[in-house]
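Asker: Protein chains in written order, with our numbering: chain A, 8 to 315; chain D, 958 to 1358.
Keep in mind the hints are simulated off the structure, nothing from the lab.
Worth double-checking, as some hints may not be accurate.
Said to hold, decoys possible - Residues of chain A placed beyond 10 Å of chain D at every Cβ, according to the derived structure:
#1 12
#2 62
#3 63
#4 78
#5 104
#6 190
#7 235
#8 241
#9 300
#10 306
Said to hold, decoys possible - Per the computed footprint, the stretches of chain A lying under chain D, defined by three or more beta-carbons under 8 Å from a beta-carbon of chain D, are:
#11 34-42
#12 157-171
#13 271-282
Note that CB positions come from ideal geometry on N, CA and C, so glycine has one too.
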Amino acid sequence: MGAEFVMLSLVPILIGVLAAIACALPGNFLVLRRQALIGDAISHVVLPGIVVGFLLSGTVNSWAMMAGAAGAAVVAVLLIELIRRLGRIEPGAAMGVAFTAMFAFGVLLLEQSDTSSVHLDVQHALYGNLESLIWVEARGWESLFDPVALAGLPPELTRIAIVALLMLVFTVVFWRPLKIATFDEGFARVLGMRTNLIGLGLVIMAAIAAVAAFDAVGSIIVIAMFICPPAAARLMTNRLEAQVLWSVAFAVFSAVMGYVLAGYGPLWLGADDAVSAAGMIATVAGLVLALAAFYAPHRQSSGASRAT
Amino acid sequence: MLLEALTLQLGYNATLVAIGAALLGIAAGAAGTFLFLRKRALVSDAISHSTLPGVGLAFLVMASLGGDGRHLAGLMLGAALTAGAGLLCMHWLTRRTRLAEDAAIGAVLSVFFGFGVVLLTVIQTVSIGRPAGLTDFLLGATAGMLFGDAVLIAVAGALAVLAVWAMRRPMTLVAFDAGFAAATGIDVRRVDLAMMGLVMAVTIIGLKVVGLVLIVALLIIPPVAARFWSDRSDRVLGIAGVFGGLSGFIGAAISATAPALPTGPIIVLTAFTLFALSMLFAPGRGLLVGWLRHRRQQRRIHLRQGLLAIAQDLPIYERYTLNLLVRAGLARPDGVPTELGRWRAARACRDESRWAVARRMHSHEAIVSRYDGLRPIEVVLTEDEIREIDRQLAEVGEGCT
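Pulled out of the complex, with its shape left as it was, chain A reads as follows:
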């Protein structure tokens, strides 16, 4: 665990962990509200937004691209609502129409524009580039206290840290309305809560988490982290407080374990190169969910008869 680890692995692991937490926190409510696939939809539609942001600003200025991504997420939500309400189409199909079409548009834009000179391509969008987010200035653990070295930290780390903190604050501050609106929307309305506002807020928070995580780690982790840790946590407990804590624990475990397996696993097996960290993190998250589905104490719905 020397200088090399700090330079090559510390920052990607931290980013992975923070991205996982940022997605898992809102993911808990999305899974409970049966909106789990919103994460999937959002992570697809940010692609055209990022490309448009790049084309308009002309640089790989991340803020422009993030603004584009956020704009695309809003357009997608509006488009889904439009198709659902005006076309009277069920939500799943409406979502499918909107996000696939927007993704196709994004791919077309990418192919049309000359973005090959910069690091902007579909593979990157899907897999992310966690491995490349190294901390070049680091000389060892002591660099953590060196302001000059700290200034050289990849900006993705700062961004995802801010977003993870934002998710934490959002979850804590709106805990009660979120909890009540998720479990009993009617009751929440009786209490005078603006339930549709809460729902919209949740989707917006999910979009922010997705965009920030997408920027750093690609869309696979985003979808996996929105769903797998909360779903596994759901099978562990009946209490929402415990579920959220479990989901964070699972998210952190998946991120660390996935990164280590991707980065060092092949070396242990005698291969030279690492495999995709994003893919491995998603795989580990899936294994965690599989274990939970087999052994977790509350894996079956309570009170349901299992005659078959």
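With the hints as your guide, set chain D onto chain A.
Answerer: Chain D alone, transformed into the frame defined by chain A:
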């Protein structure tokens, strides 16, 4: 150039691709219709993403056996195996745990896809076979398509179309009313299985043409577009097939005209264009027709209210109502009613009074409860009934005559 492409004059290979894409589109539109009607459109998302590890594994197996690893039929077989495994995982999660179907879909698609990406990076590092072009399966690429590939896709697409046609009846029944289907002796689980198998087959055929991320679009968009045109399931099925076929054909043709127009996205965007046109202009459920219907109703109500105001000698302040009256020749721009206007107003008023009486008569209760404030009473009641109403009107001596 586009015309040549659309009329199949852009070379043998481009023609084959266009026909293959059209057949794929027909099969996808038709198979997707059942998914859509069964409210499971997004299951296709899980199926398509879980083909990726299969492609990787098949490549590894074929390459380690000494080939170049890119044999399309072999890759398709691998894709089918893991897509089936993904489908089983999804079913198992929904049936055996308390997770909802959407969580199961999301979990399967992200984990299988993630594992597929891991396999792709493994393939890049172990340097066996010729992995170039393997990532084409993500978004589809027809450029590198060999003659044999095109034939394979066309034949498989045709078979899928036939299969949809053969199974359309039981699948329609199950999609609309699984309980009724079971009662008539249909094995719902087997039909569901067949439906999923069909979707899986279409997905795998589509990998090379539109890629695994976008095949979902071809399964979802044509049925949703077709739904605007008809309420009858067999017609929705047919129209979805036509829309899918058109998207595949036109999309492939457009993309053949220029190298920077990737086939998959163009096909999807063609399908989306058909969807947008359907949503706007379809008769019945389309937005334009709905808007016109709304406007007409609005006009009728305003006109009626205007006439009733004239009958009671009330001034009309509302601009829209006044405009309508003027345009119909019932009033002058300053609000003074014309001869025709007075006559029509009297009729509207008499109609209104008759309705008021009818509302008090028990024999007409059922009819009157459906009164919408616009229909003339002559359309609803018989002459005798109206005479009776007029007699009562004269007795009380109220209303207009």
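Asker: With reference to the structure, classify each hint as holding or not holding.
Answerer: Hints, verified against the model:
The claim that residue 12 (chain A) lies off the interface holds: its Cβ sits roughly 21 Å from the closest Cβ of chain D, which is beyond the 10 Å cut-off. Non-interface call for residue 62 (chain A) relative to chain D: holds, since the shortest CB-CB distance, roughly 15 Å, exceeds 10 Å. No Cβ of chain D approaches the Cβ of residue 63 (chain A) within 10 Å, the least distance being about 20 Å, so the stated non-interface status holds. For residue 78 (chain A), the non-interface assignment is confirmed: its Cβ lies about 19 Å from the closest Cβ of chain D, beyond the 10 Å cut-off.
Chain D draws residue 104 (chain A) into its interface by the beta-carbon criterion, the shortest separation being 5 Å against a cut-off of 10 Å. Distance check for residue 190 (chain A) against chain D: the nearest CB is about 14 Å away, which clears 10 Å, and the non-interface claim stands. For residue 235 (chain A), the shortest C-beta to C-beta distance to chain D comes to about 5 Å, within the 10 Å cut-off, and the non-interface label is violated. Once the 10 Å rule is applied to beta carbons, residue 241 (chain A) is inconsistent with being away from chain D; the minimum gap is 7 Å.
Chain D draws residue 300 (chain A) into its interface by the beta-carbon criterion, the shortest separation being 5 Å against a cut-off of 10 Å. With 10 Å as the threshold on Cβ separation, the claim that residue 306 (chain A) sits away from chain D is violated: the shortest Cβ distance comes to roughly 5 Å. Coverage of the region 34-42 of chain A by chain D holds. Counting CB-CB distances below 8 Å, 3 residues qualify, and the rule asks for three or more. Three residues within the 8 Å Cβ limit are the bar, and the region 157-171 of chain A against chain D gives 0, so the coverage statement is violated.
Requiring three or more residues with a Cβ within less than 8 Å of a Cβ of chain D, the coverage given for the region 271-282 of chain A holds, as 6 such residues are present.
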